[in-house]
Every structure is written in C-alpha cells, then in structure tokens.
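Sequence lines, in order, name chains L and U.
Just so you know, we're using my numbering here: the first sequence kicks off at 1 and counts up by one.
Just so you know, we're using my numbering here: the second sequence kicks off at 1 and counts up by one.
Please note: incorrect hints may appear among the correct ones.
[As the list claims (entries may be wrong)] If you anchor each label on the Cβ, the simulated ranges turn out as follows:
hint: 1; chain 1: U; residue 1: 149; chain 2: L; residue 2: 127; range: 54 to 62 Å
hint: 2; chain 1: U; residue 1: 130; chain 2: L; residue 2: 66; range: 40 to 48 Å
hint: 3; chain 1: U; residue 1: 130; chain 2: L; residue 2: 89; range: 20 to 28 Å
hint: 4; chain 1: U; residue 1: 118; chain 2: L; residue 2: 100; range: 31 to 39 Å
hint: 5; chain 1: L; residue 1: 100; chain 2: U; residue 2: 2; range: 51 to 59 Å
hint: 6; chain 1: L; residue 1: 210; chain 2: U; residue 2: 2; range: 49 to 57 Å
[Said to hold, decoys possible] In silico DSS-like pairs for lysine-lysine, Cα to Cα no more than 25 Å straight-line:
hint: 7; chain 1: L; residue 1: 94; chain 2: U; residue 2: 79
hint: 8; chain 1: U; residue 1: 226; chain 2: L; residue 2: 94
hint: 9; chain 1: U; residue 1: 79; chain 2: L; residue 2: 192
hint: 10; chain 1: L; residue 1: 127; chain 2: L; residue 2: 51
hint: 11; chain 1: L; residue 1: 154; chain 2: L; residue 2: 94
hint: 12; chain 1: L; residue 1: 154; chain 2: L; residue 2: 127
hint: 13; chain 1: U; residue 1: 147; chain 2: U; residue 2: 226
hint: 14; chain 1: L; residue 1: 192; chain 2: U; residue 2: 226
hint: 15; chain 1: U; residue 1: 79; chain 2: L; residue 2: 93
hint: 16; chain 1: U; residue 1: 147; chain 2: L; residue 2: 192
If you're looking for bench data, these hints aren't it; they were derived computationally from the structure.
All C-beta atoms in this analysis are idealised placements derived from N, C-alpha and C, irrespective of residue type, glycine included.
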Amino acid sequence: MSLFAALNSPVGRKALTGVTGIGLVLFVIAHMAGNLSYLFGSDAYNLYAHKLMSLGALFYGIEVLLAICFLLHAYLGIVITIRNRRARPQGYKKYRSAGRPSRLTASSRTMIMTGVIILIFLVLHLKSFKFGTYYTVEINGVEMRDLYRLMEEKFQDPLYAFGYPMVMILLGLHLRHGVWSAFQSLTLTSRKLSAALYPLGLILGIGVAIGFIVVPLYIYF
Amino acid sequence: MTIHLRVWRQSGPDSPGFLEDHTVTEANEHMSFLELLDVLNEQLIRDGREPVEFDSDCREGICGSCGLMVAGIAHGPQKRTAVCQLHMRSFNSGDTITVEPFRARAFPIVRDLVVDRSAFDRIIAAGGFVSVTTGGAPDANAVLISKADADRAMDYAACIGCGACVAACPNGSASLFTAAKIAHLDFLPQGQVESAHRALAMVDRMTDEGFGNCSNHAECEAVCPKGISIAGIARMRRLYLMGPLTAKAQ
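When you get a sec, could you build the whole thing from the sequences and use the hints?
Listed below in structure tokens is the structure:
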C-alpha cells in the first residue's frame, strides 16, 4: 500500500484533518492576538498590519499555506461526514449519550455545521476586510493601509457587530471538540496526555471566542 | 413492577419496521432485561402472537451475543454491562422503555431486534490472528513479556465483539472493535511479527464493510461492556499510518 493510499483512507483523512486543523488553530490564535492590538489605538493596529504585509514572500507563502489548510480541512470534513451519514441509513427513534467517559457533546455533533458556517463566513470576511475598501494613512512619513478606519466603519453596522461575534461563538464550539480530536486523530496514545488535552480545547474555544468578540463590541458600543 | 415497552418489530430484512407498545405487569427488580423480554414473549405466545426475536447466549456478560439499544443507550443505562446483566432494578415501575436493534449499514436487521454482525467476523478473518503453528505448550518463561504489556493486551482482549461500539457511535464506526482486536495481539511478541500487515488488512476490511469513520466522540468507550479505551483507536491509527513504511520490512 502506498503512502498516498494510506493518507486517502478514512484514517489518513482524519490525520490530515488534524494536521490542517492544528495549523488553522495556530493561525486563529495569531489573528486574534493581532486583532487585540486594535485596543492600543489606530497607530498600533495599522503599524502591526503594515509590518505583516511588508514581510513579502514569507507573507504570501503563509497565505498560500493557510489557503491550502482551509480548503483541505473543509473538503475532508465534508467527505468524512458524507461517508459517516451513509454508515447508518436508518437512525434511532430514541438515542442518548451514556455519559462519561463519552465526549459526545453539542460541540462534537455539530462540527460539520459550525465548520460550514465558518467557511461561508470566511468568504464574506475576506471580501469585507482583506479585499475591502483600501483607505490609506500616513504614519511616521510612511503611507500604509488604514485598516483601523475600515474596521471602525464596518463594525458600526449592527449586522457586523453582532453577526461576527455569533460566528466566533461557533468557532469556539468547533475548537472545543476539534483541538482534542486533532491529537486523537494524530494517534496520541497516552491516556494521561489525552485527558490533559481535552480541557485545553474548552479553554482555547472560550479564549478565542472572547478574544475575537471584544474588538467588535468595543467599536460598536 | 409494571414496565411499558416500546419494542422495534420488523418481520424481515427488507420490510419496514415500527415500534410496538407492550406492557409487562409481572416484572420484578431481580430480572435481567432479557428475562423481561422472555416474560413478554411468553405473554405474546399465550395471546397467539409472534414473539419478539432477540439474540442471547451465555447471559452472564461474557459471550457478546446479546445487544440492544435500551432507552437510547447500547446495552442500557448501566455502565460496563451487556444487556443480559442489566437488571430491572435500574428502572422504576411504570417506566416506558424503548428497545431498538443495533443500527448500522454494516449490521443489517435480520428480524425484530436481531442484527447480522458477521461483518465483525470478516474483519477478524482479514488479519485478527497469529498465523504460526503453535506446537506444544511452550515453557512458561521462554518468551518474556512485561507485566504492563501483558495487562494491556488483556485489557484489549476483553472485547467480546458485541457491537455496542458500532451501535452507539453516531457514525456507525467499528473503530473500537477493530482497534481492540489489533491491540490485544500487538502488545505481545507473537502478534508483533505481523503487526503492520494486520493493521492495514483489518482497517481496510472495516472500511469496505461500510462502517463509518471515527470522529473521536468516545461514546463507544462509554457503552463498552468491557470499558475498552479509545487509546486503542489512536494506536490502531498509528500502526495503520506507519504501515506503508513498516509493512515492507516485515
């Protein structure tokens, strides 16, 4: 059996979902930290964004890598779900979780739904910000993109100010199961480490959701 | 005690099924759930109706023949027991209990609560064995095995192949079963010789049988009458993914 066949098997697909997922979690944490620089004023935020965009080839390289992670993660999630649905054509009239040590939660059962919503959100999000109005501002004699102004403008709209936080709550829900699940898919056999990593998903999920929600609400109110 | 049952009835693999209501008034808390069904069946036979079909054999929790969804949980609400060891003291008089067969595409319904679990046999046939002639009994300490490894092999060998893991899994995945059958051999030197081939063959067979994929819900571990850990699934995945690299060497 070739390595490609192993990676394209259900086990391999899950492992790839885990790898791309961990990559995306790291991105999300970095993005959230970047967003929080908004709270330090317009210069701090615009300088941070400018510095990122001035990285040149490295910046574009990371963008390409992220795009691959996003697309592969979404594709795998969808094909895995389709196969799983087929595995039980007739559902139960009555079904409930047996409780601990089960990790069946609202979060684990809705991964495909939260995932698809985040994917749709991502397209709209890129359209509004990355490919949104290009304002410019001059800081210390350097002309750069005024993302601070764009953000301030967008989040005046209640649709953005409240829609964005709602999607971020769903992202938190996705991470609650996803973080731990990624390690399990990547063959983490240590029961102790596994038990320790499970709460990390919850902490990261809540942390990331709050971190992203703070800024839009700060702008709106 | 009086127990109201909503039991799945289905006359054949292709006929539509439905939930049928029955009341058993002669139940008592010392009965196992299967004995309650026996009482129900006697009642049905007296009334000249078809009894409810279900599987059972040893009725002491070690053979893996019985298996029902009781009140929405595989083997019922009591932890670490097969449904034959689930006693009526776990319920209250007057309760309404829904009883359904284990459902999965790979477990087609034969009749009523009986499902065909031969897909499990085919997974075992794909590689769940050690293909060497054993000869006479070897000396007790001829092959040294650490206590820790022997214990772990035994933990996985406790799998009775009942199929509750598949039934409880939202994806109808047989990962816990397959993982246990791989791990109980893989912890021992006799099993390690064929370890990579075994993992590849059994996992591929599981996929071909139409079982779903593991989403790490861990619901299987919660319903497993033997409490088998999903750490075994992670182990199976590692053997499988390393397979293409290690299988050639063997």
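Could you check the structure against the hints above and give me the numbers of any it violates, in ascending order? 3, 5, 11
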